[in-house]
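Novice: Single-letter residue listing:
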Amino acid sequence: MTFELETAAQADKLRRVAIDPISRVEGHGKVTLLLDEDNKVHQVRLHIVEFRGFERFIQGRPYWEVPVMVQRLCGICPVSHHIAASKALDVVVGARQLTPAAEKIRRLMHYGQILQSHALHFYYLSTPDLLFGFDSEVARRNIVGIAAAYPDIARQGISLRKFGQEVIRVTAGKRIHGTSSVPGGVNKSLTRDERNFLLKDVDQMIAWSHEAVRIIKQLHQSNPALYDHFGAFRSNFMSIVAPDGAMDLYHGALRASDADGRILFDQVDYQDYEQLITEEVKPWTYMKFPFLQQLGPEHGWYKVGPLARVQNCDRIPTPLAEAERKEFVAYGQGKPLHATLAYHWARMIEMLFAAETIKELLHDDDLQGTDLMRTGERRKEGIGVIEAPRGTLFHHYRVGDNDLVTMANLIVSTTNNNQAMNTAVREVAKKYLSGHEITEGLLNHIEVAIRAFDPCLSCATHALGQMPLEVTLEDCTGQLIDKVTRDTHGICHA
Amino acid sequence: MSDDSQTGTFLLDDEEIPFTRGQTVIQAARAAGKYIPHLCWHPDFKAHGSCKLCTIKANGRLGAACTLEAQDGMAVENRTPELDDKRRTLLQLLFVEGNHFCPSCEKSGNCVLQATAYDLGMMTPHFDMFYPDRPVDASHPDMLLDFNRCILCELCVQASRDVDGKNVFALSGRGIQSHLIVNAESRRLADTDFSATDRAASICPVGVILKKRVGFAIPIGERTYDAAPISQVDIAKENT
Numbered sequence: 001m002t003f004e005l006e007t008a009a010q011a012d013k014l015r016r017v018a019i020d021p022i023s024r025v026e027g028h029g030k031v032t033l034l035l036d037e038d039n040k041v042h043q044v045r046l047h048i049v050e051f052r053g054f055e056r057f058i059q060g061r062p063y064w065e066v067p068v069m070v071q072r073l074c075g076i077c078p079v080s081h082h083i084a085a086s087k088a089l090d091v092v093v094g095a096r097q098l099t100p101a102a103e104k105i106r107r108l109m110h111y112g113q114i115l116q117s118h119a120l121h122f123y124y125l126s127t128p129d130l131l132f133g134f135d136s137e138v139a140r141r142n143i144v145g146i147a148a149a150y151p152d153i154a155r156q157g158i159s160l161r162k163f164g165q166e167v168i169r170v171t172a173g174k175r176i177h178g179t180s181s182v183p184g185g186v187n188k189s190l191t192r193d194e195r196n197f198l199l200k201d202v203d204q205m206i207a208w209s210h211e212a213v214r215i216i217k218q219l220h221q222s223n224p225a226l227y228d229h230f231g232a233f234r235s236n237f238m239s240i241v242a243p244d245g246a247m248d249l250y251h252g253a254l255r256a257s258d259a260d261g262r263i264l265f266d267q268v269d270y271q272d273y274e275q276l277i278t279e280e281v282k283p284w285t286y287m288k289f290p291f292l293q294q295l296g297p298e299h300g301w302y303k304v305g306p307l308a309r310v311q312n313c314d315r316i317p318t319p320l321a322e323a324e325r326k327e328f329v330a331y332g333q334g335k336p337l338h339a340t341l342a343y344h345w346a347r348m349i350e351m352l353f354a355a356e357t358i359k360e361l362l363h364d365d366d367l368q369g370t371d372l373m374r375t376g377e378r379r380k381e382g383i384g385v386i387e388a389p390r391g392t393l394f395h396h397y398r399v400g401d402n403d404l405v406t407m408a409n410l411i412v413s414t415t416n417n418n419q420a421m422n423t424a425v426r427e428v429a430k431k432y433l434s435g436h437e438i439t440e441g442l443l444n445h446i447e448v449a450i451r452a453f454d455p456c457l458s459c460a461t462h463a464l465g466q467m468p469l470e471v472t473l474e475d476c477t478g479q480l481i482d483k484v485t486r487d488t489h490g491i492c493h494a
Numbered sequence: 001m002s003d004d005s006q007t008g009t010f011l012l013d014d015e016e017i018p019f020t021r022g023q024t025v026i027q028a029a030r031a032a033g034k035y036i037p038h039l040c041w042h043p044d045f046k047a048h049g050s051c052k053l054c055t056i057k058a059n060g061r062l063g064a065a066c067t068l069e070a071q072d073g074m075a076v077e078n079r080t081p082e083l084d085d086k087r088r089t090l091l092q093l094l095f096v097e098g099n100h101f102c103p104s105c106e107k108s109g110n111c112v113l114q115a116t117a118y119d120l121g122m123m124t125p126h127f128d129m130f131y132p133d134r135p136v137d138a139s140h141p142d143m144l145l146d147f148n149r150c151i152l153c154e155l156c157v158q159a160s161r162d163v164d165g166k167n168v169f170a171l172s173g174r175g176i177q178s179h180l181i182v183n184a185e186s187r188r189l190a191d192t193d194f195s196a197t198d199r200a201a202s203i204c205p206v207g208v209i210l211k212k213r214v215g216f217a218i219p220i221g222e223r224t225y226d227a228a229p230i231s232q233v234d235i236a237k238e239n240t
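Those protein sequence lines, which keep their order, are chains A and B. Heads up: the first sequence begins at 1 in my numbering, then just goes up one per residue. Heads up: the second sequence begins at 1 in my numbering, then just goes up one per residue.
Simulated from the structure, these hints should not be mistaken for lab results. Here the structure is a predicted model, which means the values were calculated and not measured. C-beta: ideal position from N, C-alpha, C; glycine also. Incorrect hints may appear among the rest.
Said to hold, decoys possible - Not close to chain B: a few residues of chain A, all C-beta gaps over 10 Å, as computed:
1) A8
2) G53
3) Q97
4) E103
5) K162
6) V182
7) H210
8) Y273
9) G334
10) G400
What the hints assert, rightly or not - Here are the computed lysine to any residue pairs in the SDA-like style, where the Cα-Cα straight-line distance is at most 20 Å:
11) A:K174 / B:P219
12) B:K212 / A:R45
13) B:K212 / A:E381
14) B:K211 / A:G60
15) A:K430 / A:H42
16) B:K212 / A:M373
17) A:K174 / B:T224
18) A:K282 / A:R45
19) B:K52 / B:L83
20) A:K174 / B:K46
21) A:K430 / A:T7
22) B:K211 / A:D401
23) B:K52 / B:G8
24) B:K212 / A:H42
25) B:K212 / A:D403
26) A:K380 / B:D142
27) B:K212 / B:H126
28) B:K211 / A:T7
29) A:K380 / B:V214
30) B:K211 / A:G400
31) B:K211 / B:T192
32) A:K174 / B:K211
33) B:K46 / B:E154
34) B:K211 / A:T375
35) B:K52 / B:H126
36) B:K57 / B:N99
37) A:K335 / A:R234
38) B:K211 / A:L404
39) B:K212 / A:K282
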């Protein structure tokens, strides 16, 4: 399946412009554009150039090691992988229903993760574009520039992220790469001192999160021509939702809706995800392209993450975030918002939801519980799904009778958004770049579109052994000497 | 006066250390609250001086503190920059010979190798990694063997032979080819009489011999070396 602007005819006759690396995102990726002599765009591709191997080297390792090992995929939202792997292995150890203490401690850890990751993305990575302008002075377009021009906003962002990291520390043992979530539960509860330590700041975090929603909302309202249309495109949405349709980023069942908001499927147990989703491999990137089987590769791709979640749920179960969700939905006048920049608005609503949820959980005495582990009938296979900051995250493992992992499949949030991100950059390239003299500011428009999805490119290239691969040998002048290509079927061609 | 009660003193880094006849330098130092870095030595087992981490300089000559008997008036250098530098190199060699991935190892925080490396300020492996291919043995229903982390201390060999009376483990090969094996024709742990209650099941200072399904049960902050470095923990153990 090839989309518009994915593959140009006579590519060798076109001029190549590369954005390499894409900045202010996690991981390494690049965008290549092929232009003719009139600067008309003929091809745009988002390439993920990292090459990792988690799915393969998890094989042969003991299952209880996996939640700690896989979180090393990422230093930004390791908790997502830590918990998704634990949830998959809960199923393997027969503990799909955890103790109340264990589930709430994991929830607290996860919402701390959502808070810190969303704060990092909005304040550190995105406000330079949003507050200074996409083609503003490049030397100032960073968090240092924000701290100089908007010190209060920068301070709030740094404090929000720090608070989220502290939530993770008291629940997971460390701010980054903790170990507390284990198959069947958690290895620690919260002391009263730890709970009180977080409680003293949580109201301020809620207030600042609310302020962040106000900032992004005001930006939308001040320039609807840009915010409503920049990189906008129609697509399906997918997320997990609670049994009553409410937003729940820790646990739920799968729901997908089409571009007009009509439900495609709902309350599907994610243990059956393989019957819903297929991943397509393309020869020019290490990242796969998932799509809904019922709609096929052309029409079945979808968006995940904040924009999908805020519109896919029926309500948000905390009052301030729910009021903001209603306003967001009302802005769409009965139609789902597909504006790429609306991701930021939705993300800040989720940050507010996370802050409110953290407060609610901190007042729950179950956090000090001592019943932390469950076991049950052993199974050979388990699937864990969580709504990570960037979107729906799937972890799937098979475990042998000897306790070693025999198969791992991870579909990470950014992979779920692969086609959506490619479509966004093509829309931006068509509208802003095609036919114009290419400048740094114009190229940053492409990056702004990618950043809106908050992609984690290092997480997204975790597979090994199934990807097409091209190895080229060049001399010192760049002349090609030799080339070996492995195709999507694993066959090598010299 | 019996031989056992004969005493004397020696100098360890210029501090006077008392000893009784027959005590090695490491035994006397530890009893006096002084830490000499070590890996293969364990107070419950006979010293065999193989890891060389406890190398000290006694009267100007290098020797293993775990095998060298204390002598009256001896002058011993222990925590000198020169000796700690050599110890760091020995640790680096051990790290590159095996596959020691602390970030996902369940022994992390309880590992003598890791704790000793922290104590000696080892910042990098320095040498090229060997990346040996050492498959794990998960055949036993209760225990896992992860040979990737073996440092050839032989404590499991001694414990199984001398305490458990089973001879489950042995070292095979020579030099760089030396490796831990399981004493069964199949080379599988499941085909031995090894048990999770054996002394050998809990003696491993690194993450080779592991109880299954309990990894990461101890939270960060409560692991053996979380609160204090091994140089303090080791001495505290001696005094409890």
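Novice: Hints first: check each against the structure and report whether it holds.
Specialist: Do the hints match the structure? See the list:
With a closest Cβ-Cβ approach of about 42 Å to chain B, A8 of chain A is found to remain outside the 10 Å limit, as its non-interface label requires. Listed as outside the interface, G53 of chain A is consistent with that label: its C-beta sits roughly 13 Å from the nearest C-beta of chain B, beyond the 10 Å cut-off. The claim that Q97 of chain A lies off the interface holds: its Cβ sits roughly 19 Å from the closest Cβ of chain B, which is beyond the 10 Å cut-off. Annotated as non-interface, E103 of chain A keeps its C-beta farther than 10 Å from every C-beta of chain B; the closest such distance is 17 Å.
No Cβ of chain B approaches the Cβ of K162 of chain A within 10 Å, the least distance being about 19 Å, so the stated non-interface status holds. The claim that V182 of chain A lies off the interface is violated: its Cβ sits roughly 5 Å from the closest Cβ of chain B, which falls inside the 10 Å cut-off. Its beta-carbon lying about 33 Å from the closest one in chain B, H210 of chain A satisfies the requirement of being farther than 10 Å from that chain. Separation of Y273 of chain A from chain B is adequate, the least Cβ-Cβ distance of about 26 Å exceeding the 10 Å criterion.
With a closest Cβ-Cβ approach of about 49 Å to chain B, G334 of chain A is found to remain outside the 10 Å limit, as its non-interface label requires. In this structure G400 of chain A is not separated from chain B by more than 10 Å, as the shortest Cβ-Cβ distance comes to only about 8 Å. Our distance criterion of 20 Å between C-alpha atoms is met by K174 of chain A and P219 of chain B, whose separation comes to about 10 Å. Between K212 of chain B and R45 of chain A the alpha-carbon distance is near 46 Å, which puts this suggested pair outside the 20 Å criterion.
Restraint check for K212 of chain B and E381 of chain A: satisfied, since their Cα atoms lie roughly 18 Å apart, inside the 20 Å limit. A threshold of 20 Å between alpha carbons decides the hint, and for K211 of chain B with G60 of chain A the separation of about 17 Å falls inside it, so the pair holds. The straight-line distance between the Cα atoms of K430 of chain A and H42 of chain A is roughly 9 Å, inside the 20 Å bound, and the hint therefore holds. Simply put, K212 of chain B and M373 of chain A have alpha-carbon atoms about 16 Å apart, close enough for the 20 Å limit, and the pair holds.
This hinted pair checks out: K174 of chain A and T224 of chain B have alpha carbons roughly 16 Å apart, not beyond 20 Å. For the hint linking K282 of chain A to R45 of chain A, the alpha-carbon distance of about 11 Å falls within 20 Å, and the restraint holds. Restraint check: the Cα-Cα separation between K52 of chain B and L83 of chain B comes to about 11 Å, which is no more than 20 Å; the hinted pair holds. Between K174 of chain A and K46 of chain B, the direct Cα distance comes to roughly 39 Å. Violation of the 20 Å bound is thereby established for this hinted pair.
Of the supplied pair hints, the one linking K430 of chain A and T7 of chain A holds, its CA atoms being roughly 14 Å apart against a limit of 20 Å. A threshold of 20 Å between alpha carbons decides the hint, and for K211 of chain B with D401 of chain A the separation of about 15 Å falls inside it, so the pair holds. Simply put, K52 of chain B and G8 of chain B have alpha-carbon atoms about 25 Å apart, too far for the 20 Å limit, and the pair is violated. In summary, the hint linking K212 of chain B to H42 of chain A is not supported, as the alpha carbons are separated by about 56 Å, beyond the 20 Å threshold.
Of the pairs offered as hints, the one joining K212 of chain B and D403 of chain A holds, with about 8 Å between alpha carbons and a cut-off of 20 Å not exceeded. The straight-line distance between the Cα atoms of K380 of chain A and D142 of chain B is roughly 17 Å, inside the 20 Å bound, and the hint therefore holds. Annotation: proposed proximity of K212 of chain B to H126 of chain B is violated, straight-line Cα distance about 33 Å (limit 20 Å). For the proposed pair K211 of chain B and T7 of chain A, the alpha carbon gap of about 54 Å is over 20 Å, so the pair is violated.
Only pairs whose Cα atoms come within 20 Å are accepted, and K380 of chain A paired with V214 of chain B is accepted, the gap being roughly 18 Å. For the proposed pair K211 of chain B and G400 of chain A, the alpha carbon gap of about 17 Å is at most 20 Å, so the pair holds. Pair hint K211 of chain B plus T192 of chain B holds up; C-alpha atoms about 16 Å apart against a cutoff of 20 Å. Taking the CA atoms of K174 of chain A and K211 of chain B, the gap is about 24 Å. The hint is violated against a cut of 20 Å.
Using a Cα cut-off of 20 Å, the hinted pair K46 of chain B and E154 of chain B holds, with the two alpha carbons roughly 11 Å apart. The suggested pairing of K211 of chain B with T375 of chain A holds, with an alpha-carbon distance near 17 Å, which does not exceed 20 Å. Between K52 of chain B and H126 of chain B, the direct Cα distance comes to roughly 19 Å. Compliance with the 20 Å bound is thereby established for this hinted pair. Simply put, K57 of chain B and N99 of chain B have alpha-carbon atoms about 31 Å apart, too far for the 20 Å limit, and the pair is violated.
A threshold of 20 Å between alpha carbons decides the hint, and for K335 of chain A with R234 of chain A the separation of about 11 Å falls inside it, so the pair holds. Note on K211 of chain B and L404 of chain A: the hinted pairing holds, with a Cα-Cα distance of about 14 Å set against a maximum of 20 Å. Of the supplied pair hints, the one linking K212 of chain B and K282 of chain A is violated, its CA atoms being roughly 40 Å apart against a limit of 20 Å.
The structure does not agree with the numbered hints 6, 10, 12, 20, 23, 24, 27, 28, 32, 36, 39 stated previously, though it agrees with the rest.
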